[in-house]
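Using the sequences plus the hints, can you model the full thing?
Chains as they are written, first to last, in the numbering used here: chain A, 1 to 252; chain B, 1001 to 1240.
The set of hints was computed from the structure by calculation and includes no laboratory data. Possibly wrong hints are sitting among the right ones.
[To be verified] In silico contact screen, one side only, chain B against chain A (beta carbon under 7 angstroms); selected entries:
hint, residue
1, Y1017
2, T1051
3, L1070
4, P1077
5, L1081
6, P1084
7, W1085
8, Q1099
[To be verified] A few chain A residues that face chain B, going by a derived Cβ cut-off under 8 angstroms, partial list only:
hint, residue
9, P39
10, E152
11, R155
12, S156
13, A159
[Said to hold, decoys possible] Straight-line distance between alpha carbons at most 16 angstroms, and here's what the computed EDC-like set of lysine to aspartate or glutamate pairs gives:
hint, chain 1, residue 1, chain 2, residue 2
14, B, K1048, A, D149
15, B, K1238, B, D1197
16, B, K1079, A, D149
17, B, K1203, B, E1177
18, B, K1115, B, E1177
19, B, K1079, A, D147
20, A, K167, B, D1090
21, B, K1048, A, E152
22, B, K1079, A, E152
23, A, K161, B, E1097
24, A, K167, B, E1097
Don't be surprised by glycine CBs; every beta carbon is placed ideally from N, CA and C.
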Amino acid sequence: MKNLLKQYSLFIVFVVLIMVLVEYLVRSKIVPAFIIPAPTSVANHIVEQWRPLIFEHLKATMSEFSIGFIIAVTAGVGLAVSMYFSKTIEKMLYPAVLISQMIPIIALSPIFVLWFGYSIWSKVAVTVLMSFFPIVVATYDGLKSCDKDYIELLRSMGANKRQIFMKLNIPMALPSFFSGLKIAIVYSLVGATIGEWLGASEGLGYYSRRMSGDLNASGVFASIVILTVVGIILFALASLLEKRTLRWKNRL
Amino acid sequence: MTLLLKNVTYTFPKKEYPVIDKLYLTVQQGEFVSLIGKSGTGKSTILKLITGLLTADEGEISLYKKPVTLGDVGYMPQKDLLFPWRTILDNIMIGAEIQKEIKLSKEDARSWLKKVGLKDYEQAYPNQLSGGMRQRVAFLRTLLTEKDVLLLDEPFGALDSITKKEMQAWLLSIWQELDKTIIFITHDLEEACYLSDRIILLKDDRTIEETTVPLPRPRYQEMLHSQILLELRKELEKKI
Ligand SMILES: Nc1ncnc2c1ncn2[C@@H]1O[C@H](COP(=O)(O)OP(=O)(O)OP(=O)(O)O)[C@@H](O)[C@H]1O
Ligand SMILES: [Mg+2]
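Structure, rendered in structure tokens:
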């Protein structure tokens, strides 16, 4: 904790300075409050509205995020492993995975609304589409990057395919997998928010849009602040998991 | 005879000439044979053929009169290839994890680490070890596959001369104690003379020349300065 404070002290000073500056600009009416709200009024908004913000909207966003993220990781790892074992599957699906990233997701979203209506699944679909790609690519690259010499070493001991996969491919793929996982976490949150813009009755994305319609800048910024904090926490959790799993990398 | 290579020929895919051409080589039970030769003469390739990692285009390779298959011999590759995510102890246990018939307990593995002076490192990771320590671990990993025949590709290449001498003495004692058959690649002619019963010189024209080392057993460090060894070394130096 102390280390963290030390490492980010300059950043914290910077953020505080910016907030003080904005506060001053708004209070002295140089910038109108509906463009940028004063940090104190954003804080006020969060304090006043914290019950619906947390128990209704954050909860909804987190459900979409969790379901989408879990589906993306499961399906992504599954596809990466099948592509690693089968050249046919790789040839057939890898281009499709790449192309799926070229499609602007926003343009696809109305289709999801068409299919899933305004249920949670239309948001989950956007979330999955956003985070699936980094998982597949990172896991697949990790599996493929396995050094041929290591494989030969295990084969010389008489190892079969399954043993090579378990004892070599998986541990070798983990660093790359975690890089993908950290990106996917951030993308999933973005996906859930975008999904809500397109049609929802709850969630932080929905909330910020509603507030924007009311010209309530404090409300918009309140949901942004909460989303950012949640994003940082989730990212930190993934990093912690990574550090724990790849303990051998940190020791020197 | 333990190991027989009969007219073995091998060409790498997309190469015009064979690297190994009609190689005939026998190794007796308990023999210590060194392979020497310039870089690129095919020393490592011969070991890979014996392990079964590469399959000869022609000829046969048999171990105790049966064709060799993967998992029959202990193989120490030229690079140490330690698994960075495994502790040193777990690295040397890998053979026992792969082959169920190897009965190696953690206790045994620990006592082996102690014997190579790595007692304090069993829970360390490979990136915390020096090059020489890593090679000792890689050697132990090979030894602990409990095979009769050990193929060692420049096992002491990265060691300083003092550690190297220690490891040589240690290797000789293990070899005698456990009755291993060893095929050993080295660029160090003195080392080849000092350790081996027989030296196989691979030449550029893909023929081989065998030399028997006339030093008695057991070998002592003083023999490094013996007249016999010095002359043999000179002779090999000329031919290589
Ligand atoms: N996988 C490969 N594909 C094609 N050619 C190869 C391959 N591995 C080795 N060779 C070639 O085969 C020849 C013999 O290689 P090898 O590694 O057996 O030599 P070496 O005697 O062990 O050399 P060094 O002393 O440098 O280790 C070399 O000319 C090399 O270029
Ligand atoms: Mg070699």
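So, going through the hints one by one against the coordinates:
Taking 7 angstroms as the C-beta contact cut-off toward chain A, the hint placing B:Y1017 at the interface is violated, the least distance being around 23 angstroms. For the restraint placing B:T1051 at the interface with chain A, the shortest Cβ-Cβ distance is roughly 5 angstroms, inside the 7 angstroms limit, so the hint holds. Residue-level restraint check for B:L1070 holds (minimum Cβ-Cβ distance to chain A is 5 angstroms; threshold 7 angstroms). A distance limit of 7 angstroms between C-beta atoms decides the matter here; for B:P1077 the minimum to chain A is near 6 angstroms, and the interface restraint holds.
Interface restraint check: B:L1081 against chain A, minimum CB-CB distance 5 angstroms, threshold 7 angstroms, status holds. For B:P1084, the interface hint holds, since its Cβ comes within 7 angstroms of a Cβ in chain A; the closest pair sits about 6 angstroms apart. The interface hint given for B:W1085 is met, as the beta carbon of that residue sits about 5 angstroms from the closest beta carbon of chain A, less than 7 angstroms. Checking B:Q1099 against chain A by beta carbon gives a least distance of about 6 angstroms; that is within 7 angstroms, so the hint holds.
Among the interface hints, the one on A:P39 is violated; its C-beta lies about 45 angstroms from the nearest C-beta in chain B, farther than the 8 angstroms criterion. Taking 8 angstroms as the C-beta cut-off, the interface hint given for A:E152 holds, the closest approach to chain B being about 5 angstroms. At its closest, the beta carbon of A:R155 sits 6 angstroms from a beta carbon of chain B; the interface hint therefore holds under the 8 angstroms criterion. At a threshold of 8 angstroms, the smallest CB-CB gap from A:S156 to chain B is about 4 angstroms, leaving the interface hint in force.
Given hint, A:A159 at the interface with chain B, holds; its Cβ is 5 angstroms from that chain's nearest Cβ, closer than 8 angstroms. This hinted pair checks out: B:K1048 and A:D149 have alpha carbons roughly 11 angstroms apart, not beyond 16 angstroms. Using a Cα cut-off of 16 angstroms, the hinted pair B:K1238 and B:D1197 is violated, with the two alpha carbons roughly 20 angstroms apart. Proximity of B:K1079 to A:D149 is assessed by CA-CA distance (about 9 angstroms); at most 16 angstroms being required, the pair is judged to hold.
Proposed proximity of B:K1203 and B:E1177 is contradicted: the alpha carbons are some 33 angstroms apart, above 16 angstroms. Between the alpha carbons of B:K1115 and B:E1177 the distance comes to roughly 14 angstroms, so the proposed pair stays at or under 16 angstroms and holds. Only pairs whose Cα atoms come within 16 angstroms are accepted, and B:K1079 paired with A:D147 is accepted, the gap being roughly 12 angstroms. With a C-alpha separation of about 11 angstroms, the suggested pairing of A:K167 with B:D1090 holds against the 16 angstroms cut-off.
With a C-alpha separation of about 9 angstroms, the suggested pair B:K1048 and A:E152 falls inside the 16 angstroms cut-off, and the hint holds. Our distance criterion of 16 angstroms between C-alpha atoms is met by B:K1079 and A:E152, whose separation comes to about 12 angstroms. Annotation: proposed proximity of A:K161 to B:E1097 holds, straight-line Cα distance about 14 angstroms (limit 16 angstroms). The hinted pair formed by A:K167 and B:E1097 meets the criterion: a straight-line CA distance of about 9 angstroms does not exceed 16 angstroms.
Checked against the numbered hints listed earlier, the structure breaks hints 1, 9, 15, 17; every other hint is satisfied.
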